[in-house]
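S.K.: Got chain A sorted already, so can you dock chain B onto it with the hints?
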Amino acid sequence: MQIFSCPFCGPRPECEFHFGGDLGNHRPEGFAAVSATEWSNYLYFRNNPKGAADEVWMHLTCGEMFAMARDTVTMAAEPGRRLGGGA
Amino acid sequence: MIEKGWLGGGNTGRNTTVVRSNYFFPESVRLYDMALRLYEGLSAELNYNIMLSQRGMISLAHTPAEMEMSARVVNAMQINGTDAELFSTEDVRRVLPIYNFGPKARYPALGGVWQGRSGTARHDAVAWGYARAASALGVDIIQQCEVQDFVVEGGRCRGVITSRGTIRADRFGMAVAGHSSQLAEKAGFRLPITSYALQACVSEPVKPVLDTIVLSPGAGTYASQSDKGEMVVGGGLDRIPSYGQRGNLPVLETVVSGLVEMFPSFRQLKLMRQWAGIVDVVPDSSPIIGESPLPGLYLNCGWGTGGFKSIPAGGVLLAHLMATGQHHDISRPFDLDRFARGRLIDEAAGSGIAH
Chain A
1 MQIFSCPFCG PRPECEFHFG GDLGNHRPEG FAAVSATEWS NYLYFRNNPK
51 GAADEVWMHL TCGEMFAMAR DTVTMAAEPG RRLGGGA
Chain B
1 MIEKGWLGGG NTGRNTTVVR SNYFFPESVR LYDMALRLYE GLSAELNYNI
51 MLSQRGMISL AHTPAEMEMS ARVVNAMQIN GTDAELFSTE DVRRVLPIYN
101 FGPKARYPAL GGVWQGRSGT ARHDAVAWGY ARAASALGVD IIQQCEVQDF
151 VVEGGRCRGV ITSRGTIRAD RFGMAVAGHS SQLAEKAGFR LPITSYALQA
201 CVSEPVKPVL DTIVLSPGAG TYASQSDKGE MVVGGGLDRI PSYGQRGNLP
251 VLETVVSGLV EMFPSFRQLK LMRQWAGIVD VVPDSSPIIG ESPLPGLYLN
301 CGWGTGGFKS IPAGGVLLAH LMATGQHHDI SRPFDLDRFA RGRLIDEAAG
351 SGIAH
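For the protein sequence lines, the chains are A and B, in the order given.
Quick note: the first sequence uses the working numbering, first residue 1, plus one each step.
Quick note: the second sequence uses the working numbering, first residue 1, plus one each step.
Bound-form chain A, shown alone:
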């Protein structure tokens, strides 16, 4: 069992967390002005990095989203960080 660290609840088992995608994948603003390509890029296309990854995760038990830096090969994970500002 791997332990991830929620910035609000502290260290918790991996089963309590849900992957939320790439950090910085912002929803394109402007409704009609957003092209189908731009929209699908936001919805479906992913960085999917091998190695260092900056991701959004959700702690299912408290319902909070947060940022977490992880390595997708070694699976080492840094403590989660609050989302805020431009992140």
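Hints were generated in silico from the structure; no laboratory data involved.
No residue lacks a Cβ here, since even glycine has one placed at the ideal position from N, Cα and C.
Any given hint could be a false lead.
Simulated restraints, written as ranges between beta carbons of each label pair [claimed, not checked]:
id: 1; chain 1: B; residue 1: Leu-7; chain 2: A; residue 2: Gly-30; range: 23 to 29 Å
id: 2; chain 1: A; residue 1: Pro-79; chain 2: B; residue 2: Ser-257; range: 38 to 44 Å
id: 3; chain 1: B; residue 1: Gly-138; chain 2: A; residue 2: Pro-11; range: 56 to 62 Å
id: 4; chain 1: B; residue 1: Glu-90; chain 2: A; residue 2: Cys-9; range: 48 to 54 Å
id: 5; chain 1: A; residue 1: Leu-43; chain 2: B; residue 2: Ser-257; range: 32 to 38 Å
Sample of chain B residues facing chain A (criterion: CB under 8 Å; computed from the structure) [as the list claims (entries may be wrong)]:
id: 6; residue: Thr-12
id: 7; residue: Arg-190
id: 8; residue: Leu-191
id: 9; residue: Thr-194
id: 10; residue: Ser-195
id: 11; residue: Arg-239
id: 12; residue: Ile-240
id: 13; residue: Leu-249
id: 14; residue: Pro-283
M.R.: Relative to the frame of chain A, chain B by itself:
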């Protein structure tokens, strides 16, 4: 053909050897049934025994709601022209006498979806048979040769830079399950793919006791018995994106606990090996076949958890695409453009275990 490692050393050697075409949508059934039909003739075509054993597969339903879904899937499969049968408890008892039919069973078998043409094939033999046949046709298979970059001239892919030199050609195909996003990055585009570890394990060999493939979406487990007598067991994805070929304990625990609930006699079995392969999962659980955003580079990727069963179809369709520059009718719906068009083929249920 350029291979980073050795022939059959990737996911071909790590899967659980099941071939089937019990999918829901017409596009998917055409694709996977093409693969299954090709598998049925493959030993003769390659002159290499791939040990195809069409022993049938039962996807179990444990609740009345799951029985209704099973009936819907069976109807869809029959309309789409592949074989399917709705099984009752008695039918399950006939094909799975060792199942836990007890009154306190955690996963009662109300019935399920039966596909008699499903089966298993020797995974290494498929890779070796194809390689020998391709070599006889004049294909050079270069192992221990890693693609490190692409040569792009005039906006087209004109070559690949490998660890053993540059190779030029006017068309390239990319079939690198588990590393599609990495090669795409080198070619300058992104894919709708997230890579996860998918685990499997085998028990010690025992005498024949299970002569079908059993899948339980509810328990999150599937199993078959190999010709050597080992129980080959698999389940759902690890839910943490990963390139580490190991797998985590919570998923293995779910898989094994589901198995021993369904087959109490398996509690005595010892597991010999456990491993994981990296699978490229697409949001709609369907593959991507088509020209990439870099002209001259063609994609055959995103098969997720179901690549082995699709090998013959993926090969024929990619070859058709590269030879003619045009989609085969069967591969057209699986083009990368389906994401911008919003025409997804959502087979999250058809892929067997919820991914």
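S.K.: Answer holds if the nearest beta-carbon of chain A is closer than 8 Å to that of Leu-191 (chain B); otherwise answer violated.
M.R.: 7 Å, holds
S.K.: Regarding Gly-138 (chain B) and Pro-11 (chain A), is the given constraint of 56 to 62 Å on their beta-carbon distance met?
M.R.: 58 Å, holds
S.K.: Next item in the hint list is Ser-195 (chain B). Is there a CB on chain A closer than 8 Å to its CB?
M.R.: It holds, given that the least Cβ distance between Ser-195 (chain B) and chain A is near 6 Å, below 8 Å.
S.K.: Using the beta carbons of Leu-7 (chain B) and Gly-30 (chain A), state whether their distance is inside 23 to 29 Å or not.
M.R.: 50 Å, violated
S.K.: Holds or violated: is there a CB of chain A closer than 8 Å to the CB of Ile-240 (chain B)?
M.R.: 7 Å, holds
S.K.: Hint Arg-190 (chain B) vs chain A: min CB-CB distance below 8 Å?
M.R.: 5 Å, holds
S.K.: Let's test the interface hint: is any C-beta of chain A closer than 8 Å to that of Pro-283 (chain B)?
M.R.: Status holds, d = 5 Å.
S.K.: Does the hinted range 38 to 44 Å hold for Pro-79 (chain A) and Ser-257 (chain B) at CB?
M.R.: 31 Å, violated
S.K.: Min Cβ distance, Arg-239 (chain B) to chain A: is it shorter than 8 Å?
M.R.: Given a least distance of 6 Å, the restraint on Arg-239 (chain B) holds.
S.K.: Does the interface hint hold: is Thr-194 (chain B) within less than 8 Å of chain A, judged Cβ to Cβ?
M.R.: 5 Å, holds
S.K.: Hold the hint about Leu-249 (chain B) up to the distance rule: shortest CB distance to chain A must be less than 8 Å.
M.R.: 6 Å, holds
S.K.: Can you tell me whether the CB distance of Glu-90 (chain B) to Cys-9 (chain A) sits inside 48 to 54 Å?
M.R.: 50 Å, holds
Checked against the numbered hints given earlier, this structure breaks hints 1, 2 and 6; the rest are met.
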